[in-house]
Amino acid sequence: MKLLESEKEIISNELQDIVDEFQSKPENLIPILQKVQAKLGYLPLPAMEKIAQALNIPAVDVFGPATFYNQFRLNPPGEHQIKVCMGTACYMAGGNIAMESFERRLNIKEGETSPDRKYSLERVACVGCCAMAPVVVVDDKVERSVTPTRVDGIILSFETNGGKKEMETGQGKEGRKELEQSDREEPQKEGEHNS
Amino acid sequence: MNSALIEEYYAKIKSEADAKIETLREKPVVWIGTASCGKAAGAEKVKEAFEQAIKNNNLDVRVIEVGCMGYCYAEPLAVISKPGFPSICYGYVDEGLANRLVEDFLMGEDPCYEYALVALEANDYFPTFSDFPRGVYEEKIILEHCGFIDPGDIDHYIAREGYAALAKALRMRPEEIISEMKDSMLRGRGGAGFPTGIKWETCRMAEGEPKYVICNGDEGDPGAFMDRNILESNPHQVIEGMIICAYAVGASRGYLYIRAEYPQAIMQVKKAIQQARGKGLLGSRVMGSEFGFDLEVFEGSGAFVCGEETALISSMEGKMGIPRQRPPHPAVSGFHDKPTVLNNVKTFCYVPPVIRKGADWFKSTGTPESPGTAVFSLVGKVSCTGLVEVPMGTTLRNVIFDVGEGTPGEKGFKAVQIGGPSGGCLPESALDLPIDFDSLQEAGAIMGSGGLVVMDEDDCMVAVARFFLEFTQHESCGKCTFCRLGTRQMLDLLTDITKGEGKPEHLETLRELAEDIKAGSLCNLGKTAPNPVLTTLRYFRDEYEAHINERVCPARMCPELIVFYIAPEKCSKLCNVCVGSCPTEAVYTREDGLKAINQEKCVKCNNCLKACPPEYNAVIKLSPPELLKEKEGNQ
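From first to last, the protein sequence lines are chains A and B.
Position in the first sequence (first residue = 1) + 116 = our numbering.
Position in the second sequence (first residue = 1) + 1 = our numbering.
Don't take every hint at face value.
[As the list claims (entries may be wrong)] When the alpha-carbon atoms are kept at most 25 Å apart in a straight line, the in silico DSS-like pairs for lysine-lysine are as follows:
#1 Lys632(B) / Lys622(B)
#2 Lys320(B) / Lys155(A)
#3 Lys622(B) / Lys199(A)
#4 Lys622(B) / Lys151(A)
#5 Lys605(B) / Lys155(A)
#6 Lys151(A) / Lys234(A)
#7 Lys225(A) / Lys500(B)
#8 Lys166(A) / Lys124(A)
#9 Lys602(B) / Lys225(A)
#10 Lys151(A) / Lys320(B)
#11 Lys611(B) / Lys622(B)
#12 Lys199(A) / Lys632(B)
Think of the hints as simulated: they come from the structure by calculation, not from any bench.
Predicted model only: the values in this text are computed from it and were never measured.
Turn these sequences into a full structure, and let the hints steer you where they fit.
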């Protein structure tokens with residue numbers, strides 16, 4: 117997936133500050149990656165190369181941890197992030213059925229982002245709400261007992277009101293919301309170019 | 002240490018906290034459980050509804066957010082304490098009930114017992130926890146305050162004897178604390194059950210400065226959420242335990258390693274650390290003494306293997322979380338090669354009560370070899386899901402059927418999965434096992450971090466084993482060949498079996514691979530990864546055989562081995578629910594008005610089966626798929 121202009125700008129202007137904030141110590145690599153991901157939403161290749169440069173370590177020592185830990189993502193998050201819980205209780209209650217339903221409806225596979233960057237779909241290992249299985253986390257809001265019908269409902273709510281209602285009632289962190297909102301304009305523009 | 006000074010210091014913060022809590026008793030208070038699980042069930046809307054109704058009616062009532070008391074099945078939960086009444090806990094609260102409670106109870110005199118779950122204090126009107134089987138079997142040591150105190154206010158914890166243990170510990174010599182811990186025989190609650198006192202002693206004796214104390218909050222077991230709940234509901238208990246440990250081993254710095262997937266836990270712990278600093282309980286002079294200690298949070302990035310202590314340390318040093326050879330143990334050479342005590346969240350939670358009440362009190366609960374209590378997250382096909390704390394030695398049967406009230410619906414109990422991906426599936430016949438570290442190991446499972454997933458006749462044991470193996474295979478760090486490649490081979494075999502492509506000799510290959518992986522792996526992830534397969538092979542071999550020999554999934558769960566079928570003799574022409582419920586338009590209306598399924602379009606999502614009204618129950622699953630021809634031929 118191509119980098120957006122805004123992302124290129126962050127990579128060239130802000131990465132150095134983040135690395136400096138952690139005293140350019142390689143042992144702080146994980147907090148650095150976490151912070152970069154909080155800014156960009158994911159870890160594009162150029163960003164990882166730049167971090168390696170700034171820390172003065174081989175790029176492979178950045179790729180290693182970035183691909184090792186589940187928290188780090190290598191493709192951009194969608195405007196709406198859908199995380200299907202695949203913990204034991206959710207799996208037993210039909211988490212895989214919910215996952216398949218999303219895959220079918222969004223036409224993307226687990227771990228992918230739709231080309232217009234509107235949705236991303238991933239699996240997570242237990243969000244700790246096992247009593248409400250199967251659980252899907254949609255933009256930081258936990259949805260309980262998700263059936264194929266509810267999957268259609270979730271997607272429909274985004275298609276009809278642009279997810280505004282979800283944004284109002286969403287329980288996400290304030291900072292995250294701002295980030296998402298400021299990011300939101302960009303992908304749509306790119307979508308228009310494509311079409 | 003100057004005992005008198007510390008005593009005075011504690012008396013001062015305690016009396017401040019008591020005064021604050023006393024003001025809460027004078028007026029009505031609504032306590033709402035807003036841990037992650039409560040929020041998922043809609044607790045925030047309930048809170049808003051209460052606040053709005055209270056404001057609209059100009060009432061002098063406070064609404065306070067608390068953590069989770071473990072009754073997950075009845076979320077959202079609210080407790081109302083009103084002077085003159087016992088405190089009453091209400092379950093399944095929604096906005097309508099919130100308004101009703103404000104009108105009838107807060108403004109009137111009717112506590113609406115019809116919606117009450119339980120009363121918190123003994124009274125003449127409504128039963129308390131101890132009047133239910135669950136309350137009889139449960140004995141709460143570390144979950145005692147969870148859900149009853151405001152985790153965001155340190156005074157709530159102090160008023161309930163919080164930090165009293167720290168004040169006592171600071172007046173003891175470090176050696177005395179360690180000998181008390183050894184005497185208590187507290188075993189690490191991360192799963193392996195290593196004696197905590199011995200770990201602390203090793204660290205105290207080890208050469209090297211500075212020493213570190215790390216709390217392992219990297220709860221990665223799918224199906225377990227007690228650490229998250231404790232960190233969200235009562236973070237100070239963990240912090241107090243860590244400070245006592247630091248004083249005992251001579252550490253000056255500590256870290257709480259918490260999964261980034263638990264944002265609310267991280268937020269509560271950070272807040273708690275701030276408040277503890279404000280009260281002088283962390284910092285250069287803890288409670289005004291010479292002892293200095295400070296804490297910070299490290300956000301783990303989500304890797305199951307980081308629950309292993311050497312992998313966790315490696316990830317804190319900015320590297321991939323790959324375990325290393327032990328010895329040296331972290332207690333001798335850990336974080337930055339310095340002596341490091343690493344304990345689980347629950348283990349630290351036991352420290353304050355053990356120090357406050359003594360080792361003998363602790364040993365009076367549980368079994369001689371495993372004293373104290375065990376915390377389980379009871380989930381799956383069980384009526385009363387939630388967090389449960391029972392004395393060690395309680396049987397699984399008591400936990401599942403008395404505390405959890407058995408399986409819901411008509412389906413019978415089939416198995417219980419204990420200990421997550423490292424544990425095993427135990428059948429009905431193993432239910433009378435007392436729960437402790439050693440007897441579970443004998444049955445092929447492990448205590449693990451305490452996930453208990455109950456399964457009924459609708460759950461396929463082969464699919465369950467495959468699920469866990471898929472998880473460990475994905476989470477294997479790749480260091481040891483047997484774990485990296487062996488789990489892959491096992492997963493491929495199991496996938497074939499669930500698709501009906503298994504061969505009889507596969508079972509023996511699975512067993513051999515399992516033994517090799519156990520022998521050839523360095524850390525416990527690999528050593529225990531085959532457990533789910535081994536236990537299911539041991540107790541549910543017939544299911545494997547049915548998959549292989551007859552292409553039948555006895556539980557009718559494996560998609561490749563089942564077909565959905567609408568029985569014409571049960572179907573009604575007057576009902577169209579299934580047609581509407583189908584996400585792929587596979588269900589259609591036949592010319593005679595009855596419904597049928599186009600098998601080519603069917604994705605086996607279960608939706609029509611759930612949608613079909615119980616008076617018809619016309620949708621059935623057939624296994625093997627060949628049965629379909631027979632059925633259709635009969636028409």
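Check your understanding: Is Lys151(A) close enough to Lys234(A), meaning Cα to Cα at most 25 Å?
Key -> This hinted pair holds, its Cα atoms lying about 23 Å apart.
**Study point:** Proposed proximity, Lys151(A) with Lys622(B) (alpha carbon, max 25 Å)
**Key:** 49 Å, violated
Practice item. Take the C-alpha atoms of Lys622(B) and Lys199(A), compute the straight-line distance between them, and say whether it is at most 25 Å. Key: Cα-Cα ~29 Å, so violated.
**Study point:** Agreement of Lys166(A) and Lys124(A) with the hint, judged by alpha carbon distance not exceeding 25 Å
**Key:** 11 Å, holds
Practice item. Please work out if Lys225(A) and Lys500(B) have their alpha carbons no farther apart than 25 Å. Key: 21 Å, holds
**Study point:** 25 Å limit on alpha-carbon distance, applied to hinted pair Lys602(B) and Lys225(A)
**Key:** 19 Å, holds
Point to revise | Pair hint outcome, Lys151(A) versus Lys320(B) [Cα-Cα no greater than 25 Å] | key: 16 Å, holds
Review point. Has the given pair, Lys611(B) with Lys622(B), been kept, meaning a C-alpha gap of at most 25 Å?
Key: Given pair Lys611(B), Lys622(B) holds - Cα atoms ~12 Å apart, limit 25 Å.
Review point. When you check the alpha-carbon spacing of Lys320(B) and Lys155(A), does it fall within 25 Å?
Key: Between Lys320(B) and Lys155(A) the Cα gap is close to 22 Å, so the pair holds against 25 Å.
Check your understanding: Given the hinted pair Lys632(B) and Lys622(B), is their alpha-carbon gap at most 25 Å?
Key -> 12 Å, holds
Point to revise | Restraint check for Lys605(B) with Lys155(A), where alpha carbons must lie at most 25 Å apart | key: Answer violated: Lys605(B) to Lys155(A) is near 40 Å, above 25 Å.
Check your understanding: Is the hinted pair Lys199(A) and Lys632(B) satisfied, with a Cα-Cα distance of at most 25 Å?
Key -> 40 Å, violated
In the structure shown, a violation is registered for the earlier hints numbered 3, 4, 5, 12, in ascending order.
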